[in-house]
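Top to bottom, those sequences are chains Z and E.
Using the working numbering, the first residue of the first sequence is number 1, and each one after it goes up by one.
Using the working numbering, the first residue of the second sequence is number 1001, and each one after it goes up by one.
Mixed in with the good hints there might be a few duds.
Straight line, CA to CA, 27 Å or less: simulated DSS-like cross-link-like pairs of lysine-lysine [stated by the list, open to error]: (1) Z:Lys-140 x E:Lys-1185; (2) E:Lys-1248 x E:Lys-1270; (3) E:Lys-1296 x E:Lys-1171; (4) E:Lys-1246 x Z:Lys-140; (5) Z:Lys-140 x E:Lys-1270; (6) E:Lys-1171 x E:Lys-1132; (7) E:Lys-1185 x E:Lys-1248; (8) E:Lys-1434 x Z:Lys-62; (9) Z:Lys-227 x E:Lys-1084; (10) E:Lys-1185 x E:Lys-1171; (11) Z:Lys-140 x E:Lys-1248; (12) Z:Lys-62 x E:Lys-1435; (13) E:Lys-1188 x Z:Lys-140; (14) E:Lys-1188 x E:Lys-1270; (15) E:Lys-1363 x E:Lys-1345; (16) E:Lys-1171 x E:Lys-1084.
These are calculated hints, taken from the structure and not from any lab test.
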Amino acid sequence: MMSRRSWRRHISAYQFLAPILLVVVAMLVYPLLYVSRLSFFSYSLSQGLNFIGWQNYIDIAKDSVFHIALRNTITYSAAAISVELVLGFVLANTLNSEFFGRNLVRAFLLIPMLASPIVSGIMWRFMYNPDFGIINYFFKSLGLPTFVWTGNPSTALLACIVVDIWQYTPFVMLLLLAGLQSIPKEQYEAAMIDGATFFQQMRHITIPWLKPMILVVLLMRTMDSVKVFDQVYALTGGGPGVSSLTVGVYAYFKGFRSFSLGYASAISWVMALITLIISLLYIRSIKVPE
Amino acid sequence: MKARMLLTMFIVLTVMSTLASCAKPPIPSPTAIPPTKAPPPKPITVAVWVTDAPAVRKAAEAYEQQTGGKVIVEEIAREVIREKQVTALTAATGAYDVLWVPSEWIAELAEGGFLQPLDELMANSNLPQPNKDDWASPGGVEAYRYKAKLYGFPVSMDTEFLFYRTDLISKPPETWDEYLEVAQKFTKDDMYGTTLFGKLPESISWDFINYFWSFGGVLFDENFHPHVNSPEGVAALTYYVDLLQKYKVVPPGVPTYEYPEVLTAFQQGKSAMCIQWNAAYGDFASQEKSPLIYDKFAVARLPGYKMPDGSIHRSVIGHVWGFVLDAHSKNTEDAYRFLVYLTGKDGLKYFPTDGASINVNSKAVLTDPEMVKAHPEFPFLNDVFADMSLWPNATVTHDMILALATEASAALTGIKTPQQAMDDANAAIDALMKKAGYY
Chain Z
1 MMSRRSWRRH ISAYQFLAPI LLVVVAMLVY PLLYVSRLSF FSYSLSQGLN
51 FIGWQNYIDI AKDSVFHIAL RNTITYSAAA ISVELVLGFV LANTLNSEFF
101 GRNLVRAFLL IPMLASPIVS GIMWRFMYNP DFGIINYFFK SLGLPTFVWT
151 GNPSTALLAC IVVDIWQYTP FVMLLLLAGL QSIPKEQYEA AMIDGATFFQ
201 QMRHITIPWL KPMILVVLLM RTMDSVKVFD QVYALTGGGP GVSSLTVGVY
251 AYFKGFRSFS LGYASAISWV MALITLIISL LYIRSIKVPE
Chain E
1001 MKARMLLTMF IVLTVMSTLA SCAKPPIPSP TAIPPTKAPP PKPITVAVWV
1051 TDAPAVRKAA EAYEQQTGGK VIVEEIAREV IREKQVTALT AATGAYDVLW
1101 VPSEWIAELA EGGFLQPLDE LMANSNLPQP NKDDWASPGG VEAYRYKAKL
1151 YGFPVSMDTE FLFYRTDLIS KPPETWDEYL EVAQKFTKDD MYGTTLFGKL
1201 PESISWDFIN YFWSFGGVLF DENFHPHVNS PEGVAALTYY VDLLQKYKVV
1251 PPGVPTYEYP EVLTAFQQGK SAMCIQWNAA YGDFASQEKS PLIYDKFAVA
1301 RLPGYKMPDG SIHRSVIGHV WGFVLDAHSK NTEDAYRFLV YLTGKDGLKY
1351 FPTDGASINV NSKAVLTDPE MVKAHPEFPF LNDVFADMSL WPNATVTHDM
1401 ILALATEASA ALTGIKTPQQ AMDDANAAID ALMKKAGYY
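One chain only, chain E, in its complex shape (with noise of 0.2 Å):
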């Protein structure tokens, strides 16, 4: 009997808290609510990797001070940056309202229905809206368009140099077989003549997408089937792989190398050269941090392929990163005005001083005499810009990446040949292609 009693009490109390748990908050009698007072704007939550985190920070700080509002600044580390955002996104649950993804992930997100279209928000007179006028890369911005709907804003644009050592290198190597050249000349001792990023999951792919589109390889044929085993691309992949196997002009490690290995590599003055995002300029040019050549490197554009005709055909890889809106957020206008905030030049002026985005999107922030006198380097990207070309914008983008990576980290450390490596690269990107609906 005492038994059933406590079953009972025990069911009845367990049913009890459920339902008190899922029940609405009790409704305070109208005399409870304040008569005037508007209630606080809900808490914001932005998601952002944690090397421009500093940067979110002040800018929400500025805004908070500015409208009351309330922003939680969430850090991620890099390596598990898509990761951790996407899960969120995929759990539909608008965990983060402002989320830091870059524009090769927009076509998959936006055909899943996980970020919030902005064409209707920028049309709501209510709302505050970005200064067009100020927008200093209008295809960073396109970048974040799918199938005519816009998804983001850019914060930046960056893009990549060669960094060469004006000590030991009078003029800049034009093509790639001067850049072999040249790093066969400075390839001694303790020195090599250039490096590589060849680490996985990721890094490889997007250094040798430079190499690649400069021979001439293309990603897909006009019919939008993959062909990276062109003759073209296998050449760049055997070019590539030369450095390291057969020339020896990069160093043994480069496997295991990137940006902040390529990086200190320079820095050390344990390479003449090296291809490096544009960021790395203020870290070079930096006496407290690389006292053996702050005063002794330039940059250039990258070499590219001779011609028949004589023409050298040099190509780079652009990247940007910029701020979308969760579809399933519960705060869209909010987010949408902190949006609007933070990717405008009030926002933006915080992420060179702050942050690793240097190349923002505001011409006020780039002309702003500070800025040019601490960034000497960006009259220079505007010519990088005319040789620069983005992944494609499909959904498989980003799986793309990730083969092609596979495969080059193959080639490169001689588990296959590069015809071998392209052509299997070729294959997954085939089945990547088809199993999404492509043909």
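Okay, chain Z solo, but in the shape it has when bound (with noise of 0.2 Å):
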């Protein structure tokens, strides 16, 4: 049973926490409820809201659209957090050993994520112009094939990929950078005294040191990726046709363009879901060290 002293420890605890508490849940609780309670219902300027029970969530189900626009998103996820992965890992690496110059190629490096999402796409956009593009100007000028790379089916999800590539890559270096940082020098000292090659040293120092780390990024990136709009938006509105459609555009179009604002939120709940399972994958399957 609480003491009378620690509990009055508890009420001023939670004096202080009250005023960011008010703020979380008048800024998070809140709206995830209201987005709950709102997939429930069918809304239309036109017919305003009704209840529909779990239709909209039927509907998601049998809603071709949504297939493609989810088979898109775990493409556009997969590739896109694996490369970022390899490249952020190989930077890392590269930037955790000394070199001339070693503070300004970090400092460059980081530059991608400085820039919002929504201007790296226009910027990207731009790039990838048929007509214009700095992109197609050098295949040109390498006597390589030019491509309409956002207006084309087979390479326009390639085209937002690259994109979430360049701009996400210097974060997850920056994170493995800081774990890399972390392990002690002593362990790789022994290891070489013992004549454990590179790879042995990776296999039995680095990788597992890092699991902490790589764990954090793929929960932080997944949860991104999941969600994708800006680029996508920005870079190839979803289309040609429905070809580069992702769930978070997905649920953009159906809220804000159509105002099935029912249907959006049970989109939402759905992509939240997915983003949960997979997240809860991710830490059961990787085991971090004690």
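Given two chains presented individually in distinct reference frames, assemble the corresponding complex, making use of the accompanying hints.
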């Protein structure tokens, strides 16, 4: 049983926490509950709000456009995160060693992270432009065939993935670099004395020590990429057709173009559940050493 | 004890500050009120997209000087004009008193009760009223009527021309077959015969509908059921797709093209023809903006489908933009006063010079000698209006445009055949109509 003194200490803790708790409730809990409630209603500008139970979720299960958007989102996330992880790891390892101008290179590599996603989307849209974009210009200069990057169904999603990799690899690199720098040097020295090769050091020291950071990277990047909106909206608008449509962009179109707010809310909840399931799978499958 | 006191004080302060913020402002004592001075008029907030904002700002300045009222002009990016304004309307806070809305949104917004009907205000003799005799496009005004109530006044009614290079083409094509022939003839080196608006989310629908209607396609049958996958509709999409996929007479990047890209392609001499909005005429005719082609182009009616009897069936889309009032405006009468001013000749005169809306709804502005001199295309515009149609006035029109765009885009880029795309478009529109309760 809680003593009177400890109870008082709890009360004062809650007093100090009260303002921020109120903010969290107002900004996070209330919208979540409201969206949850809205997902059981049909809403249109002309017909208003009508309770329809689980119908939005049933419609989502049958919605072929949603299935395409989900497939695109999974492809997008899997491709972008895998490349970002590999590239980020290579870059972090490179920057973890001493060389002339290391700080300059590190600062230079962080530049993409500074641009907001919508700005980088618009910037890359110009670079992808089939007529005056710099990418086709280089392809042409090298005698390679040019492409309508964002207007071709076979390259539109790829174009979006490339932008994601460009923008978020520095973030992955930064986290992994922090992880690498926390590994005690003695571990490597001991391994070298024992005659361990570079790959053995990598397998038995670097990777196990980096596991917690890899888990953080996977969780954060998965949450971000499953709900990706800005770059795809700016680059392709989900097109051509629905070839690069992602779940986030589809929810936006349903919510703020068609104003089917109930359906868009249900899509958001499905998206949140998918993110939650993937996150739990990560947490369970990656065993972090004690 | 101290903790309890602190907790009590915190709760009391929170409750007091909440109550204080909800309370009405203190009423000044009678002696504090100036005896004769009338309260200043409440400011009116007008939403408009960036391209016409300079015109609205000038009109607002003139209105403020004339009446002493205050007008706040809120600029909105073109890409989010629907999202921002409709969100504001659905919030029912009256954030914008006057909004910039195209005619195809009227049915759904009026049905939802978001717009202020103007009929009562028009019957109020204490308020200024529009000069109906000055309306240049009474049809444009009718586009703002839904279920016998008027919800807005148009600013302009725009349509599309066939622009062609006079140094290359002596006679503009009359039929779609001739159009293809001419396009094939001039597709060489760095030039393409023509262009398309292939971009999502909407542009491609506004472009394709010209072909669709001209080939004899109809959006709905006599029972208001969608009928876009008729043989005529499929033939129109096949022709449209073939311009890119089969004949390659348009730049390969057209799936990413909309107004600016089509404009640039013609300005830079990369296309011998283009179907483009009439607002582009001024840019093409400007030596500064189009040094390569400013004196080498002309306009014609869009080509049409040659009927068995030899006649040519032409059709071209029209687009009406205008201003409406928010039903939840807290300042309806003042907003109406400004609406009447802005959509009358005194306000409309700023749009052709400072905005992007050229063919304004005022005879006085359109016949002004300066305007006639600056816009030699005006007489021709009236000829094109004979071929013009608008999207149907239904609560699902905007969603229908999006559905048609998605499917036309899928066909244009080879994801679907024209038949599949039109079948899917038909099914999508059918679902929209059912959901909206039309049948």
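Now for the hints, and whether the structure bears them out:
With a C-alpha separation of about 26 Å, the suggested pairing of Z:Lys-140 with E:Lys-1185 holds against the 27 Å cut-off. Note on E:Lys-1248 and E:Lys-1270: the hinted pairing holds, with a Cα-Cα distance of about 14 Å set against a maximum of 27 Å. Among the hinted pairs, E:Lys-1296 with E:Lys-1171 is consistent with the structure: their alpha-carbon atoms are about 13 Å apart, no more than 27 Å. Simply put, E:Lys-1246 and Z:Lys-140 have alpha-carbon atoms about 24 Å apart, close enough for the 27 Å limit, and the pair holds.
Of the pairs offered as hints, the one joining Z:Lys-140 and E:Lys-1270 holds, with about 18 Å between alpha carbons and a cut-off of 27 Å not exceeded. Only pairs whose Cα atoms come within 27 Å are accepted, and E:Lys-1171 paired with E:Lys-1132 is rejected, the gap being roughly 40 Å. For a cut-off of 27 Å, the pair hint linking E:Lys-1185 to E:Lys-1248 stands: about 12 Å separates their Cα positions. Only pairs whose Cα atoms come within 27 Å are accepted, and E:Lys-1434 paired with Z:Lys-62 is accepted, the gap being roughly 17 Å.
The hinted pair formed by Z:Lys-227 and E:Lys-1084 meets the criterion: a straight-line CA distance of about 21 Å does not exceed 27 Å. Only pairs whose Cα atoms come within 27 Å are accepted, and E:Lys-1185 paired with E:Lys-1171 is accepted, the gap being roughly 13 Å. The hinted pair formed by Z:Lys-140 and E:Lys-1248 meets the criterion: a straight-line CA distance of about 20 Å does not exceed 27 Å. Restraint check for Z:Lys-62 and E:Lys-1435: satisfied, since their Cα atoms lie roughly 16 Å apart, inside the 27 Å limit.
Restraint check for E:Lys-1188 and Z:Lys-140: satisfied, since their Cα atoms lie roughly 18 Å apart, inside the 27 Å limit. The hinted pair formed by E:Lys-1188 and E:Lys-1270 meets the criterion: a straight-line CA distance of about 10 Å does not exceed 27 Å. As the CA atoms of E:Lys-1363 and E:Lys-1345 are separated by approximately 8 Å, the hinted pair is consistent with the 27 Å bound. Between E:Lys-1171 and E:Lys-1084 the alpha-carbon distance is near 45 Å, which puts this suggested pair outside the 27 Å criterion.
Checked against the numbered hints given earlier, the structure breaks hints 6 and 16 and satisfies all the rest.
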